[in-house]
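Trainee: Listed below, chain by chain, are the residues.
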Amino acid sequence: MSSRKMPPQSQQEAFDEMQKIAELIRSGSDEFLKKEYTYLVVFCSVFAVLIYFAVDVPQSMGAKGYVPYTTMAFFVGAATSMLCGWMGMSIATFTNVRTTWACNTSIHEGFHVAYKGGKVLGFGLVGVAILNLQILIIMYRAMILPATLGSSDKDVVTYVRSLFEVVAGYGLGGSTVALFARVGGGIYTKAADVGADLAGKVCEGLEEDSPDNPGTIADNVGDNVGDIAGMGADLFGSLAESTCAALVISAGIIDILKRPDASYFPMMVPAMGIIASYISVHFVRIGEVTAENIESKLKHQLTISTSVMTVLILPLLFTLPASMNIEFAGTAYIASRWSIYACLMTGLWSGLAIGFTTEYYTSS
Amino acid sequence: MEADTPPAGFPPADNSDYSASNYLQASIANYLIIGSALFAIGYAYYSYWDLSKLVMTKDTLKVSQLSEEKKDEI
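From first to last, the protein sequence lines stand for chains R and H.
Everything in the first sequence is counted per our numbering, starting at 1 for the first residue and increasing by one.
Everything in the second sequence is counted per our numbering, starting at 365 for the first residue and increasing by one.
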């Protein structure tokens, strides 16, 4: 068996060791992401050519024809997804070492340092995602919609739906990058984890995540690029996809299109989510965080944000018409704003219930 | 592109009641979406700044001293 490295014997040694390990993880993660994004740029460029010929050319929107509206939206979505992944990875490697350092004072301090890092990614990601989407819609509205929209409800629906369909390229770009970021990072992290365990635990008899095992650094790099950068891109992809899909569906309902604010309802929901999250994060300061209650603290955060969101969505409902005629598969339905509220609440509280159930059955 | 020219393959514009200025020209929604997005980006930056103010020192680090026997063993 190889000789073990001596653990730090003084505060200075420990401090230097901590900084050195953090720097190794940061540089490793940076390098992985650079490589992954290089391949992704090539893939997205090839995919963009396909989108242009498969979607933009047949649709040929605008008098100048063949303007790559969907392709441009795809690129904006892909670039935003990469930005979100990079942002997540950078803030994680920045926060990791600070959390470790703060945990030497107390779990309470360490928790709050880690929580601040989470806030940077959470707020930054949603903010960038909906800001870019809104700018895209404003630009495309000016470029695509004519000054008059035809003479019938059907024409209006056709124009506005087409506008949102090209904007949906944003969601496609986001999910394309998310797929690779999640899978690429996931495979890397698993390979590093299994490799480190096999070499360290099985062959050398070292403990899990032992500092004596060089594979531990690779495992930690994998955690950053797979679970954080990949998760960041994935979160963006889910948000962009679901928002774009809801915009396309709402564009088919003339009662909604006649009330301009109602057309943006799918985007106002995450916008209100930002305010709900801002209110919720202040509750985290209540009480001391200990090793025993750290999990329940996070659960409380989820419950509080869900409850706040339940209330904050209410005023948004009044931007919707009181009743809407929705045609689906040749059948007409009448929906009220409260039906939409019921759908939102089902999704919101189901998400919370699924989270709690999963946690309950996997935590012990 | 000319603003009043309909896209190819779409019904012709005929100066009817459906003025584009009424469609997707939201005010409350624009303020809410852009306002909260900018707020979120600003708050994220504030959290980052708050985090970067944290100066790490060696003084709080806990180091357990190994006994001479343990050192020899290693």
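Please note that a few of the clues may not be correct.
Some chain R residues close to chain H (C-beta under 10 Å, calculated; not the full set) [stated by the list, open to error]: (1) Q9; (2) A14; (3) V311; (4) I313; (5) L314; (6) L316.
No lab work stands behind these hints, which were simulated from the structure alone.
Idealized CB from N, CA, C, for every residue including glycine.
Trainee: For every hint, state whether the structure bears it out.
Mentor: Here is what the structure says about each hint:
1. About 6 Å separates the beta-carbon of R:Q9 from the nearest beta-carbon of chain H, less than 10 Å, and the hint is met.
2. Contact between R:A14 and chain H, as hinted, is supported at the beta carbon level, the nearest pair being about 5 Å apart and thus within 10 Å.
3. A hinted interface residue such as R:V311 counts as satisfied when its beta carbon comes closer than 10 Å to some beta carbon of chain H; here the least separation is about 16 Å, so the hint is violated.
4. The criterion of a C-beta within 10 Å of any C-beta in chain H is not met by R:I313, whose closest approach is roughly 12 Å, and the hint is violated.
5. Hint status for R:L314 relative to chain H: violated, with the closest Cβ pair at about 14 Å, above 10 Å.
6. The criterion of a C-beta within 10 Å of any C-beta in chain H is met by R:L316, whose closest approach is roughly 8 Å, and the hint holds.
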